[in-house]
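Novice: Guided by the hints, dock chain B onto chain P, whose structure is given.
For reference, the chains in residue letters:
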Amino acid sequence: MKKERIRILGYAGEFAENKDIAKSLRVERILPALARNQTVTIDFFGVSGTTQSFIHALISEPIRRYRDVALENLEYSHCSGSVREVIRTVYDYMQESLDDTNL
Amino acid sequence: MKAILSTSDYLRNSDRFIDGLDFSDPHSFTIYSNPKWLNVHPAILTLLAAMAMKVGKENVRFDNLTALSGSYLDRMGLFDFTTQPSPYRINKKEEVGRFIPITIIRNSTEQSRFITDMIPLLHLPAGETDAIKYTVGELIRNVLEHSGSKEGAIVAAQYYKKSNTIRIGICDSGIGIKRSLQKYWSTHAQTDLDAIKWALVPGISGTTAREGGTEDNAGAGLFFIKSIAYVARNYFMMYSGSGIYKLLLHDKRIENPRLHSNPDDDRHSERNDAPYFQGTLVAIDLSLESKSEFTSLLALIREVYGKAIRERKKKKYREPKFI
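Chains P and B, in that order, are what the protein sequence lines are.
Just so you know, the first sequence maps onto residues 10 to 112 in the working numbering.
Just so you know, the second sequence maps onto residues 22 to 344 in the working numbering.
Chain B extracted, bound-state conformation:
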C-alpha cells in the first residue's frame, strides 16, 4: 500500500491525496511525502493509521520524510503505528491542547471518556462545544455499531484558533457503508456512492427497513451531521469503498441556507472511482458556533427531518382506483 502526503492535504483538495492512494499490496505500507512542507488534515492521519494497522507496525515505512513540518505527524501520534523511529525531536509538553492525537476507541465507555476529555484537550471555550460533542459522539457511535471493525474507531482532531474551526477525522477499516446497508436497502446501495448517499437520507438505518427505526436506531445521525456542516458552511466528506461524497460550501451571500433531505440536492462533488478503501472515512471541518445558534440549527434540522419523513411516507400511500 502507499500514500503520498503533500503541502495542502485539506478537504478542499482531498481528491489529489485520494488519487495517490494505492491499496494493492496488503503486506507493506509506504508513506511518501513532499520533502519541503507538509500540511495534513487529521482525517488523512486517521486513514493512514487504519492502513498501518492493516499491515502491522513493522511493515510501515516513511520515505523521504525531511520536511520540518513533518514533526506534526509525530505530534499527532502517527509514529505509534510504525517501528521506524521518528526523525523529529519534539517536546510533547509544548503546545498542550489545540489537537487530539490519533486515538482508538473500541467501546461506548471509551467513547464517553473521549468526549469528556476532548474539550479540555482542545482548550475550547465553554458553551461553544455542543456541536463538536454532538458530531464526534454520533460519528464514533456509528463506527462502533455499524462498521463491524475489530479495531474500533480511529479519531483525530485539530483546532484552528484563527478561523475558530475544528478539523475532525474518524475512520474505520470495517465492512464499509455499502455492505452495512445490504440487508434492508440493497436496491438503494448498488454502488458505494449510492450507499453513502442513501445513508445520508433521514430515517435510513442499516438495522431496519422500518420508518422511525428500531428502539436503538433511527437512521438520523449522518443527516444531522451533514446538516450541521452545511448550515455552518463547512466541508464534510465521506469515503467508503470506491465512493466519495463531499459537501461543498454554499454561497456565502445566502444567509439562511435551505437544508435538503436528499443529498443530491446539496451542493456537492461525488465520484465512484476512488481507490478501493475497505472501510469508511468521515471528515468534517466544523466552525464553532454559540449555543443559541446550535439550538436554532437543531430546530431547523427537526423541521426538515419531519418533512422528509412525511414526504417519503406519502409516496407509499395507495392511490384511489378511479375507473
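Chain P extracted, bound-state conformation:
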C-alpha cells in the first residue's frame, strides 16, 4: 500500500506551532490513513523547530486510538534535533498513559 506522506513545511511553515493546523492534519490525514493500516510519513524537511503542543495535537490521539498500529505505522523524516526531542517527549508520555489505561 502506498505511504501517506505529510510535508509539514507546506502546512505549518518553518516553525511548526499552529495547533489548528496540527489538528486538521490529524483528523483529515493521519487518522484515516491509520484506519486503513497505511504507513504515514510525517516529513519535517525545512522545519527548524516545533512545539510540544503542535506535536501533541498531531499524534497523541492517533497513538491513543490505534496504539501499536500507530507506533508501527507512523514515521518521521528530516527531523532537526529539537524536532526529534519534542516527538520523543510526546512518545514517552503517551506510552506511559497507554500503560495507565491497560491497568
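No lab work stands behind these hints, which were simulated from the structure alone.
Hints may be right or wrong, so weigh each one.
Calculated cross-link-like contacts (lysine-lysine; reagent style DSS-like; alpha-carbon spacing at most 25 Å) [claimed, not checked]: (1) P:LYS32 - B:LYS171; (2) B:LYS337 - B:LYS204; (3) B:LYS204 - P:LYS32; (4) B:LYS183 - B:LYS78; (5) B:LYS78 - B:LYS171.
Away from chain P, derived, C-beta distances all over 10 Å, residues of chain B [as the list claims (entries may be wrong)]: (6) MET74; (7) THR130; (8) TYR155; (9) GLU159; (10) GLN203.
Every residue, glycine too, gets a C-beta built ideally from N, C-alpha and C.
Specialist: Okay, now just chain B, sitting in the frame of chain P:
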C-alpha cells in the same frame, strides 16, 4: 486604577511596581512615572495595555510624564491605548528592530504570522531563535485556549544585544489561572498562588483530569517554559489574581542545574497578597542559546517530564493488602 513607573522596573524588582498597582477604580486609569528616568520591562507594558483596554482609551491618563526615556513608551505603542497625545517626537524609522511593540493577537492565524514576523523585527541571528519561537508560541496559545479573554493576548518584547537576551511579556485580562483550573483541579487551586504552581506541574491541563491530557492538550507548556528559563539562568514570572510566582536565578557556579517537576523545589519567590489582577501576566527574560544547546535542553526536559509523570502515576498505584 493606577500604576507607577520607576527607574528600574525589571523582573528582579517587579514587586515594587506590583505593590504600586491599584485596580480599585474600574473607570479611570492613571499612569504615574518617575520624572527623570524610566526603565520598563515589556511585560509591564503589556499589563498597562491590558488595564487601559479595561477602562477605554478616553479614560487613560499619564501624569507627570517628563523623563526623556519615556519616549520608549511611545515607541512601544503605549500611546495607542490612550487619547492623550504623546509628549515625545520620535522618528519611528530609527532603530528599526530590537523590539516588538505592544501587539494584540486574537487567533492562531495572527499568532503564526506574529511568530514569523517577530524574528526579522528583532534582527536576531538565525539559528538562535527556536527557544524564543517556542516560548512565545506556547504562551500565546495558552492565552488563546485557556484565558477566555475577548481581547486575546497582549504581547511585547525587547532584545538586548549586550546580554544577548530578549525580554518578553504576555498578558491577558481573562478568567485567570485559578478559575481555569477549577473544573478538574479545584482542590489544587484553592488560592491564586496554588493555582499558578499547579499549572506549572508537568501533565496538568485545565481541560482534563487525565494524565497525558486530551487529544489537544497535554499540560506541558508552562513546565517547558519554566525549565527553559531555569536552565538558562533567566527570570520567569507569573502573576494572576493575587498570586505571583517568580523563578529566581540558580547559582552561577552550577554547570548542570537540576530541573524540578515541582515548582516549590525551584529557587523562587512567591506571594499571594499582590493587588488583585483579573487576568494573567507572564514575563520572561530569555538568553539566546545556540540550536544545539536548545536541543540538549529539550532532551533534559523530556527526561524530567517522563520521570514526573511516572512518579505521579506511582502515587496512584494501590498498595497490596498485607493482613
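Novice: So which of the earlier hints does this model not fit?
Specialist: When the structure is compared with the hints, numbers 4, 7, 8 and 9 turn out to be violated.
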